[in-house]
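**Q** Required output: the full structure, derived from the provided sequences and hints.
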Amino acid sequence: MPVFKTPFNGYSVKFSPFYEHRLAVATSQNFGILGNGRLHILDLSPTPSPSPISELTFFDTADGIYDISWSESHDNLIVAAIADGSLKLYDLSLPPPQNPSRSLSEHTREVHSVDWNPTRRDSFISGSWDDTIKLWTIDRPTSVRTFKEHAYCVYSTAWNPRHADVFASASGDCTVRVWDVREPGSTMIIPGHEHEILSCDWNKYDECLLVTGSVDKTVRVWDVRSYRTPIAVLAGHGYAVRKVKCSPHNRNMVMSCSYDMTVCMWDFMVEDALIGKYDHHSEFAVGIDMSVLVEGLLASTGWDEMVYVWQHGTDPRAS
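In our numbering, the protein residues as written are 414 to 732.
Do not take every clue at face value.
Cut-off 30 Å, straight-line C-alpha distance, at most; resulting in silico cross-link-like pairs (DSBU-like, lysine-lysine) [what the hints assert, rightly or not]:
1. Lys690 - Lys630
2. Lys561 - Lys630
3. Lys418 - Lys630
4. Lys690 - Lys418
Derived CB-CB ranges, DEER-like [stated by the list, open to error]:
5. Ala475 - Asp685: 25 to 35 Å
6. Ala731 - Glu708: 16 to 26 Å
7. Asp692 - Asp535: 16 to 26 Å
8. Ser464 - Arg575: 17 to 27 Å
9. Arg595 - Phe471: 31 to 41 Å
10. Thr559 - Ser458: 41 to 51 Å
11. Ser695 - Thr532: 36 to 46 Å
12. Arg553 - Phe431: 35 to 45 Å
Note that these hints are calculated values from the structure, not bench results.
Owing to the predicted nature of the structure, the values given are computational and were not obtained by experimental measurement.
Cβ coordinates follow ideal geometry from the N, Cα and C atoms, glycine included.
**A** Set out below in structure tokens:
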């Protein structure tokens with residue numbers, strides 16, 4: 414399976430929604446504490462070759478990159494969440510000196526999350542350690558709106574795949590909030606965990622199901638119509654759950670990664686929910702994704718500076 418070594422520590426990996434062979438990786442020097450960042454655009458080789466992953470291009474930043482999101486409307490556009498509080502837009506169709514094509518600087522602390530609206534496609538949201546979420550559109554130089562209710566860092570933001578105006582945010586204040594951009598404040602507050610919530614994602618087949626991952630080592634599945642108790646608690650990680658991702662192909666499948674260096678696959682509707690565990694990383698596993706275009710194709714990155722792409726059920730380290 415394809416493997417790629419980055420010069421910095423991996424933070425986020427995302428498959429292109431347009432090209433099944435393309436993915437982007439966000440990295441940060443010195444574990445993201447201090448130093449530069451680099452955004453890698455990688456291409457998978459369609460046939461077994463000496464280099465199953467090749468680097469199409471890369472972009473250096475003065476500060477670490479914590480997250481990335483591909484545009485849902487332009488195949489060459491990607492937005493990066495930067496440790497200096499900015500969001501930078503990169504256009505792969507432009508020559509390198511013209512990138513980033515735009516830099517949006519409104520957050521006052523690190524931007525930790527960015528998510529492009531898959532339904533409306535002209536907007537994205539960012540979550541920051543300044544406790545706020547901002548809504549942006551690609552045709553405006555300033556944010557459309559700021560959402561300020563969380564009492565601590567916003568670690569994760571995710572659009573609902575069925576409702577263009579609805580998104581969720583996960584915070585270190587131990588809550589997940591559901592927002593509707595047409596409403597003045599959050600429409601729902603879920604006290605999801607007793608510890609910091611580091612990640613959230615919506616189910617791609619049921620717009621009422623929301624998944625969270627927390628420092629308490631669990632992944633939880635919530636039905637927002639009745640959120641007093643989770644419909645599933647997935648326990649199997651040894652340390653904090655860093656990121657969760659719902660499958661674009663299977664309603665009941667969730668992917669997670671953790672500071673325990675593993676990537677787990679879950680079926681939250683069965684009793685033995687843990688259906689796959691991968692221990693290929695030698696440092697914190699912090700970035701995961703599932704391809705929308707190729708069923709079962711997974712990617713992960715971590716602080717060991719490695720990027721792995723593999724088919725679910727196979728060994729990520731197998732060449």
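**Q** If a hint holds in the structure, say so; if it doesn't, say that too.
**A** Each hint, compared with the structure:
1. Annotation: proposed proximity of Lys690 to Lys630 holds, straight-line Cα distance about 15 Å (limit 30 Å).
2. A C-alpha spacing of about 27 Å is found between Lys561 and Lys630, which places the hinted pair at or below 30 Å, so the restraint holds.
3. For the proposed pair Lys418 and Lys630, the alpha carbon gap of about 28 Å is at most 30 Å, so the pair holds.
4. The suggested pairing of Lys690 with Lys418 holds, with an alpha-carbon distance near 22 Å, which does not exceed 30 Å.
5. Between Ala475 and Asp685 the C-beta distance comes to about 47 Å, which lies outside the given range of 25 to 35 Å.
6. Evaluation of the 16 to 26 Å hint for Ala731 and Glu708 yields a pass: the beta carbon distance comes to about 19 Å.
7. For the hinted restraint 16 to 26 Å between Asp692 and Asp535, the CB-CB distance of approximately 40 Å leaves it violated.
8. A beta carbon spacing of about 39 Å between Ser464 and Arg575 contradicts the range 17 to 27 Å that was offered as a hint.
9. Look at Arg595 against Phe471: about 39 Å separates their beta carbons, and that is inside 31 to 41 Å.
10. A hinted range of 41 to 51 Å holds for the C-beta pair Thr559 and Ser458, which are about 43 Å apart.
11. The beta-carbon spacing between Ser695 and Thr532, approximately 38 Å, falls within the hinted interval of 36 to 46 Å.
12. Roughly 24 Å separates the CB atoms of Arg553 and Phe431, a value that falls outside the hinted 35 to 45 Å.
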